[in-house]
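S.K.: In order, the protein sequences belong to chains A and B. Everything in the first sequence is counted per our numbering, starting at 1 for the first residue and increasing by one. Everything in the second sequence is counted per our numbering, starting at 1 for the first residue and increasing by one.
Incorrect hints may have been included.
[To be verified] Taking lysine-lysine and the DSSO-like style, the derived pairs with C-alpha atoms no more than 27 Å apart in a straight line are:
id, chain 1, residue 1, chain 2, residue 2
1, B, Lys-762, A, Lys-61
2, B, Lys-822, B, Lys-805
3, A, Lys-155, B, Lys-699
4, B, Lys-755, A, Lys-61
5, B, Lys-619, A, Lys-155
6, B, Lys-762, B, Lys-118
7, A, Lys-61, B, Lys-118
It should be emphasised that the hints constitute simulated quantities derived from the structure, not laboratory data. What you are looking at is a predicted structure, and each value in this text was computed from that prediction instead of being measured.
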Amino acid sequence: MAKEPHPDRDLIQGEWTERSLVEKLLEPVEKPPPRPWRVVVAVGAALTLAWLYAIFVTFVKGLGTWGINQPVAWGLDIVHFVWWIGIGHAGTLISAILVLMRQNWRDSLNRVTEAMTLFAVLAAATYPLIHMGRPQLFYWVMPYPTHMALWPQYKSPLSWDVLAIMTYLTISTLFLYIGLIPDLALLRERSQGWRRRLYGWLSLGWTGNAVHWQRYRAVYVLLAGLATPVVISVHSVVSMDFAYGLVPGWHLTVFPPFFAAGAIYSGFAMALTLIIPLRRWYRLEGVITERHLDWMAKVTLASGLGVAYIYLLEIFIAWYAGEPAEWAQQLWRMTGPYAPYYWAMMLINVVLLQTLWFPRFRKNLTWLFLFSILANVGMWLERFVIVVISLSHDFLPGNFQLYAPTWVDWTLFLGTLGFFLFGLALFIRLFPPIAVAEMVHLFHKLRRH
Amino acid sequence: MKTRRGFEEALEKELFREEFPFGPVSRRGVLAMGLLALAACTPVVRRKGVPYVRQPEWVVEGGRAEFITALPHAGFAEPVRVRNYQERPLFLAPLEEAMSPYPLAGLYALYDPARKGKAPDWPGFYRAWRQALAEGETLLVLPRTASPRLEALLQRAQARFPNLRVARFEAWSLENVYLGAELAFGRRAWPVYQPDRAEVVLLLDVDLHEHPAGYAWWAALSRRRVPPMNRLYAVESLPTLLGSMADHRLALKPSGVEAFLLDLARALGVLPGTPAADYGGFLPVLAEDLRRGGVLLPGPHLSPGAQALAMALNARLGAPVAYTLPPEREVATPRAFLEAEGAQRLVWAAEGPLPSLQGKRFAAVLSLYPKEAPYSLPLAHPLEASGQHRDALGRLWQAQALVQPLYGGKSLEEVLAGLLGEEVPALSPEEKRALAEGRPLEEAGFLDLTPLPGLPQRLPPLREAAPLELTLRPEASLYDGRYRENPYLQELPRPMTRLVWDGALLAGEAQAAAWGLLEEVRARERRADPRRPLLRLRAGGKEALLPLWPLPGMPEGSLVAPLSHFFHPQGVALAAEASATGRDYPLVSTQYHGYLGEVEAVRVMREEEALEAEPEKEKRLSLYPLWPQGEHAWAMTVDLSRCLGCGLCTLACQVENNIPVVGKEEVAKGREMHWIRIDRYFAQEGVLHQPVMCQHCEKAPCEAVCPVAATEHSDEGLNLMVYNRCVGTKYCSANCPYKARRFNFFPYGEAFVGKGDPRKAKESPLALLMNPEVTVRSRGVMEKCTYCVQRIELTRAQAVQEGRKIRTGEVRTACQEVCPGKAIHFGDLLDPEDPIQAHRKEGRHYTLLAEANTWPRTTYLAHLKNPNPKLKEERHG
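With the rest of the complex left out, here is chain A:
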């Protein structure tokens, strides 16, 4: 019987043996790091320190060091919170939904995107904490029994946020960790000294026998099943912070799918931003092929189109609803002092996005990399439009006011960027950025055909 060539045979390119593949995949952990890694770590560490300083200033002096004011009570803090949560979406999507859909191309991407999710969500979670007026009392937003019998106020979307984000953080961490266990066992066998002890503890006695594998698979699929709704729910819940509000520009039922689409869009864009240089620096072209990048570009396009559609829908609804404040808000976005932000967002997320329809652009790694960065700039602008521009112009003209961020706001942003890169760089130095066990599994699957 003639063997049908496996449709995904080109997901691993080049001549590999099982051993050489494993050696290649463990290179980032086992070989001295390439130069760019050191640069990333240095820059990341410096920015992290700056971040800590900005948080210190915020705590000591007060929220007044930020640019927020009376109508614009939420500024860059919430912009960045939403931005980072959005970025944290690609990981769970790839790990959970694509597992359930049996997409082979996820295997070389899931680890690094899951790690990206973890650090993005950690970065995001700092904002709601430090943006509180009295951050020392942050635990009041959590449900715990107190002598005053006071619970969080569950009508508030912020209470839902707390639960959604904590769930997401837990699930994405668990996912990352469970997926790591076989690789940790492999590393345990191959390393010496403290690393061996570390991997030993973390691998939970994995020996790779069939029972382990059977249970591992079951847990993995179960977790994937649990995580799938979370992918959609987290950003939907975040969107309700706005959709629940009365502010013109917030009060839209379309927000949950809008935010979910935006999150996947920005998550994939960020994944591209990270993976394209990673692939180059670690010479991973054989396992992260152009086909992988093409797939990612397509998902970016699909989710981006959802976002673009809702941009246009928002304009239509603002007009169609006949609500003067909504329409005034739309005009304010398009013609007010913040109009450049709005139009830059439209340019990127509506116009430039269309280039991804064409294989010529999707295959052009320079453009893809550039666009992935632009897409996240676009998503940043989108959150700025939603949070700041809406608040600066709500119902009563008497309280309109503009917003100007301060150096603390910007340092907090650069700081979380630095923390994110720093964390990721350390992560891939300690743990293989591509799931070795999954890849070997895929390698076998492809060779059998």
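Using the hints provided, position chain B relative to the given structure of chain A.
M.R.: Using the frame of chain A, we list chain B on its own:
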């Protein structure tokens, strides 16, 4: 709150049975445990105070007392009720209908540690002064005073020290009014108007704070701004608050206003001839309307001729005006400043600008705040000194000292008595009785004046036209600069410009465009860039740099500079030149956007429309059940027809509720803390004002979004803010459609009390200014209007003590108490007697942003206009 408590108890039972080893613990039990623990950790503090053995009169431990006194502002008495809390004056309310904001804001100065200079050496000062008097002529410059006792002391002092010369200084003089009376009636007199008794009122370039009776005028006029309405016309060279309430407004240059008056006099037959112009049909219609029973209210800065014309016109119209003797025995003028500069020996006791003291043989300054001078002696705060003051209606009021001088100050009477080596006599029984009964010591004595014939021949030239006519007018907050040290007033937005902390040169938009500056200013405004072009203003040989603020509705060629920033000894009406300097100065305004567009925030109706209109039916939709209803349902109405946006409510609320002043930089960032914001809009109908504070929504968007339940609803309809529970997510503020919430971005409260340094808050005397019934909010918490919940609770306590219910209208909020137009009404929706029922049934009653479905308890009554059907437009010129 019954159901909530039941709910909590159920929760407690459920929660704590397992966790606590002692079995179910009630809240009381936990409290007791906590107290026990606290008692165990707290060292026993030996308090220094011991209880009174014999209780001094009026000292009530933990209690409140109320006194009546009269506080002077610019020499005129403002009779007030002073609320004391344990010997600390904390709040002022007008004794009669209205008062100006200045005495109220002056409470800050009472405690202000900046008043403390070097320890005053009074005997040394008297010695030096007597020596100067022995050496040669010594000038004593007094502010405007209307105290018979002070005049008597002065006469004795002048008799004993022949070298004592006295001059009276006031930057904003009333001399022209007296001169006008002299022209019209042959003797100096002071007009006392009863504007509520006139059907038609013509406001001649005058604003609330510019006339000593301004606030009282509005109290009277506002009664007639609801049906049956009077009709207001304004002819003015600057958009004024009173003018913004007018049914028809004509904007003219200052010389134009006087020329208009001339034409009006001709039209009404006071002067021969026919009017030179008909002002687009305005003049004949006005003249005809005035005959129905009109009165003219002229600004004090109009020239003597114009004053005389206005008085003659009033006499012709049979207007409700009576005349008294001038309240000042000798008129205070800005010219006294020149005299002071020229004097060899000077004792300066006036307020406003300070003359140069260099090269003088003897120079002493008596002032509230210490000044750079060889002798700088503290004057007592009006609350620290007794005295007598005449009010703008001609009545004499007794003032009493309510606190010992905190910083060693003396009143002017005490200073003069000290010079003479006398003692100021204690209050006489008659004076005490007047104070206790809250009545004037002496009623106004009216003169019987008849207009002298031949006014046309005697009429001096009116104000001359010039390409740029500058009028120096008192600033709404700083007045002539005497309140410069007062942060309450500095940060009280100027009603028309909403500017804080600065004075600006006001000019019309056309004027700014003529200078080529308008476009740049408007472009910067859109970007929220505070920089405004600095102009070099030259007038009467003096020069000043002032930032430009273009004001819609101001005629071309008219310029107004604040007296607090530009003083001229020759007077307030000058021809000016102005040139751009190319430099900028940051001006901070609390309102970024001044046009309503399509938003129906302020409703304007004509009188007949309002009478026909049906009360708006509120569409009430909710998935949630109603809140449990308590004994009362508190609510407020704001009558926009009686509100002219003066800002007294903002100030009273600030004083009552311990609201900090935050400073220019913070206001520039949009972080002012005033719980009441007055929105000012330039609209087709003129300038509109709208106080916006927490609307106490029954379906409050803020309550729904707070994750920690820090903002809650009471069963009496109050939207409560629990400061202790607030973690500062600011979500409530973001979700408030009225943006009525204020956030403590910095430790504003402590910084305010500590005069900029939060660490000094504890030892600052300003801590005494804080109302003990109201929490001083810490950094990081949200705050907002509470409907003066402390007043509700105090009243309730009183009622419970007396075993009765709260009476109709017994609870009065701070804003309501001071409002000169009685625009704010606070009441109980469950009380059938409460006037709020009638307000809510009026056709012009509406809810702000009803479409937001928030069911506010604070509602508005539409602004009414009563335009003359014969005049098409509301705005002319």
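S.K.: Any hints from earlier that this structure breaks? Give me their numbers in increasing order, please.
M.R.: Violated: hint 7 alone.
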